[in-house]
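Peer 1: Protein sequence lines, in the order shown, are assigned to chains A and B.
Numbered per this note's numbering, the first sequence spans residues 1 to 399.
Numbered per this note's numbering, the second sequence spans residues 1 to 517.
It is possible that part of the hints are untrue.
As the list claims (entries may be wrong) - Here are the simulated SDA-like cross-link-like pairs (lysine to any residue), alpha carbons at most 25 Å apart as the crow flies:
| no. | chain 1 | residue 1 | chain 2 | residue 2 |
| --- | --- | --- | --- | --- |
| 1 | A | Lys386 | B | Ile54 |
| 2 | B | Lys22 | B | Ala115 |
| 3 | A | Lys386 | B | Ile105 |
| 4 | A | Lys238 | B | Ile54 |
| 5 | A | Lys386 | B | Pro226 |
| 6 | A | Lys378 | B | Val314 |
| 7 | A | Lys386 | A | Ala274 |
Stated by the list, open to error - Pairwise CB distance ranges, derived in the manner of DEER restraints:
| no. | chain 1 | residue 1 | chain 2 | residue 2 | range |
| --- | --- | --- | --- | --- | --- |
| 8 | B | Ala348 | A | Asp233 | 34 to 40 Å |
| 9 | A | Pro281 | B | Asp315 | 23 to 29 Å |
| 10 | B | Ala157 | A | Pro198 | 52 to 58 Å |
| 11 | A | Ala246 | B | Glu95 | 37 to 43 Å |
| 12 | A | Gly28 | B | Gly161 | 51 to 57 Å |
| 13 | B | Asp315 | A | Pro336 | 26 to 32 Å |
| 14 | A | Pro399 | B | Ala185 | 48 to 54 Å |
| 15 | A | Pro336 | B | Ser21 | 20 to 26 Å |
| 16 | B | Ile110 | A | Glu278 | 24 to 30 Å |
Note that these hints are calculated values from the structure, not bench results.
Backbone N, C-alpha and C define an ideal beta-carbon position, used for all residues, glycine too.
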Amino acid sequence: MAIKLIRRGVADDPAEALKFICPPAFSGGPIDPQPATRTLRRNLDVMIDLPLPPAVAARTRALKDKIRLWTIEDPDLPQDQGRTFPSPLIRTVQGDVVQATVGFQLDAHTIHWHGIEPTPLNDGVGHTSFEATSSFVYQFATNTAGTYFYHCHKNTVLHFEMGLYGGLIVDPLNPDPDSLNQAPYPTGGPGFASANVPGFPGFDPANFVVPYDVEAVWAVDSFDSIWHLLNHDAFMQKCDANDPMAAANFTNDGILNVFRPDVFLISGVVSVPASSPEVSPEIGANIQDPRVAINAKVNQTVLIRLLNADYLIHENILGLDSVAIAADGHPFGVPPLNRYSAPVRIPAGRPFRTTSARRYDLLVRTPAVPGIFPFRVKFIDWISGKVVHIARTVIKVQP
Amino acid sequence: MERRDFLKFGAGGLAALVVGSKMPWMDNRAYAAVPALEFTITDTIKEMVTHNAINTAECYFWIYKETNLPADYPAPTILATAGEVINIRIINALEQPHNFVIPGIFNSGIIAAGATVEAAFTVPLNRTGTHLYFDNLNRPVNRVMGLHGAFIVMPAAPVAGQKWTPYRTPTPQVQQLFNDLGSAAHWPGLAWEDASPDTLTPSFRQYVWLLSQASPTLFRDVGRVPAGEIFPAADFVQRFRRDQFSRNSHDLAQTSDIPQYFTGCGQSGHFMHNNPVIVPMARVGEPIVLRVLNAGLMSHSMHIHANHFYIISVDGIVQGDPNPADPMLKGPGPIWVDTFTANPWGAASSKYDLLMPYMRPPDVPNSRGIGRGGSGDAALNSLAGQPVWPPVEEFDVRMFNTIDQRQSPLCYPAHDHSEPSQSAQGGNYNCGVIGGQYFIGDLNISLPRVNINDDPAMPLLPPQTFPMDEDFAMMLGLDQDPQILVYGIDEARRNGIMEASKDSALESQADRPPFPV
């Protein structure tokens, strides 16, 4: 009795090889439809051009004053709100059964709901299920409250880089059913987060939730401007359903292992170099854009949802004490399934690293006196280990 | 060297060798027992993932060739038991000095070109967990060139009165997690140490993902160094890493020595993702320990779909046991995440043990909102009136143009989210480092037994198994009722689990493969 061997080029298992090399096109859904408690729509891809400040444009490898992005549109919002980068935030409530109707234009794409764990056809990975054309209704529950994101998972190395992603937040219920502020909470706060933080102001040990006043979503990213000149199927192997392993299907002259970013961003706002060109690494000016900079009052709770939406390593340094209450959408210490872990204090100034797709939820208590506190993120190349840029923003604490 | 040889083994005929006395955790048909270890340090050329008649994608490696097995990159996983004495013999058939080191366990000392070392060592009791054996000379060149493999040390027994964990001295949190498996209401199914003969499920299910990266042009040049000379390590690192941030540079990958192939256990793309000795293929309720090591020179950010997993050990430190005075001041313990950072060997966070819980994918809707399976967590009904778990409607969605393939068993990927490593030769997504996990059934709900291929002429699948086609059932050995046992090396060959090595005699320098020019 042999464990079956899978040999190079022989494709002993042609069905599996075919599925992997040559994802089928499919549309329709939902499969096993259920009554939904929440519905939403998205379209992709929608191209937008992100203007680059002159100081950034001058030293991009592509030498352009704007960078072409592909985004995922919310067609139910006015265009100026529905066509953004990152793509419009999705908020659901813990326990929801979600049906997401996704339109696919221009090209086959998918959406993977990163950290949400449904059946494979709803998981949105082309090479293990299908690439969607025209439209597909994804169905999944959102059973654990926390920070997630959604992104295209076709030719992912390119499509994720091109901007096809947005945030996905699952809110826990407000323990007070009579409150006017019920989940899903307004983006920016106030709201509640799942956590197990005894002693933290407002912590509700019966429901394992903690209130926050101000919320920030920091999606930290970088772009290689050369990649943004490429087409959807750049450097993919060709799909020959009759002979998936055929020699001529493969490319051998691609550049997708060479990622040399020259644009650095937090939540879609470009970090503009403030240091002289001789300084290495270059340091960005403080980002003051309200999409990024946090405005809070004294003695408040701020919830920072931090996402590495990049291919680089990030070293994050926050100028205030924080408590990491969750990673990857799952709150530390909340029973039963996360009873084995506990939240962690991160003292002000202590660096901590994130790599691609990792998320941390950080609770910050603002001090009793006003002040301006820094946040810095060092972009570290994942091959060379070199710091290539430092982006900065602030938490402003006012009376 | 016959290229066929390492294709056979490289294709995953065997997960691992076990050495030492017979232990309960060895009952797994993917293991073969050997009385002692013998390696030859030699070189090879391996066909990489995109290799074909037109595009001869090959890479030169240095390898530890285990005597009983065909040559492959990387070296085979070795499993041993803490406290055992292991005899080892290492022959250096290359032209530079090499060695064989398992940090904290064994160090061969320098082995001159052409020399042989014989030794015996005792596996220390306090070294249970995951280790790398590798050549640490001319660091990191010899390791990155392929001289590495995984060395797993299992405890001889569980902590008295507790269930088995992978450790002699687990933290309270990790012990609690393993005690809960199969016992707590939220973990119905098997404990890690449990086998299930009815379903042909082995005990102590464990897998290794040994990550590395290959630069064919750089490795070729290392192989061309004249006998007795050493390739400068600083040059190697510089060329591998290359200064990527000369912003005025418009040149492309063809001129670069940065890695082009990204591998797990020496495989990439389809050959990794669909390999049943690399990628777990198990039922809900059959938890698995996954050991991940990064022997290479760059970071990966590994994301596993379908289930968050518990990080139970990092760099040999079992997670948990925080400072009782202020638990928030130390690490968070075994956290439950969907992505982790696998840094290169020698940096922090380069070696992990994970527990893959094999719970029902928790966001398939069910009545309590958590995918625990078992009573009280019945799946919700679809509008058609049938439960959405198992997803029987999804099983039979057929969407191929030419091959009518069902969606069962359930297939999920696990990949580096630093996606440039999802390429080979600069493209061909998804021919990079991609593992996964398959769900082939569910122990916690009643599933009717079905025939392979739904064909009454074919054998019945084991109970609690999702429908599947013949090729998949054969790959998993579910087309018959094999005994679950550890094979001796000869028995493994008789049973076809392991291809007999064509020639276990040492390869002479004259037999070294030519370098691609």
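Peer 1: Confirm or reject each hint.
Peer 2: Cross-check of the supplied hints:
no.	hint	result
1	Lys386/A - Ile54/B	violated (37 Å)
2	Lys22/B - Ala115/B	violated (32 Å)
3	Lys386/A - Ile105/B	violated (33 Å)
4	Lys238/A - Ile54/B	holds (14 Å)
5	Lys386/A - Pro226/B	violated (32 Å)
6	Lys378/A - Val314/B	holds (24 Å)
7	Lys386/A - Ala274/A	holds (19 Å)
8	Ala348/B - Asp233/A: 34 to 40 Å	holds (38 Å)
9	Pro281/A - Asp315/B: 23 to 29 Å	holds (27 Å)
10	Ala157/B - Pro198/A: 52 to 58 Å	violated (37 Å)
11	Ala246/A - Glu95/B: 37 to 43 Å	holds (39 Å)
12	Gly28/A - Gly161/B: 51 to 57 Å	holds (54 Å)
13	Asp315/B - Pro336/A: 26 to 32 Å	holds (28 Å)
14	Pro399/A - Ala185/B: 48 to 54 Å	holds (50 Å)
15	Pro336/A - Ser21/B: 20 to 26 Å	violated (38 Å)
16	Ile110/B - Glu278/A: 24 to 30 Å	violated (45 Å)
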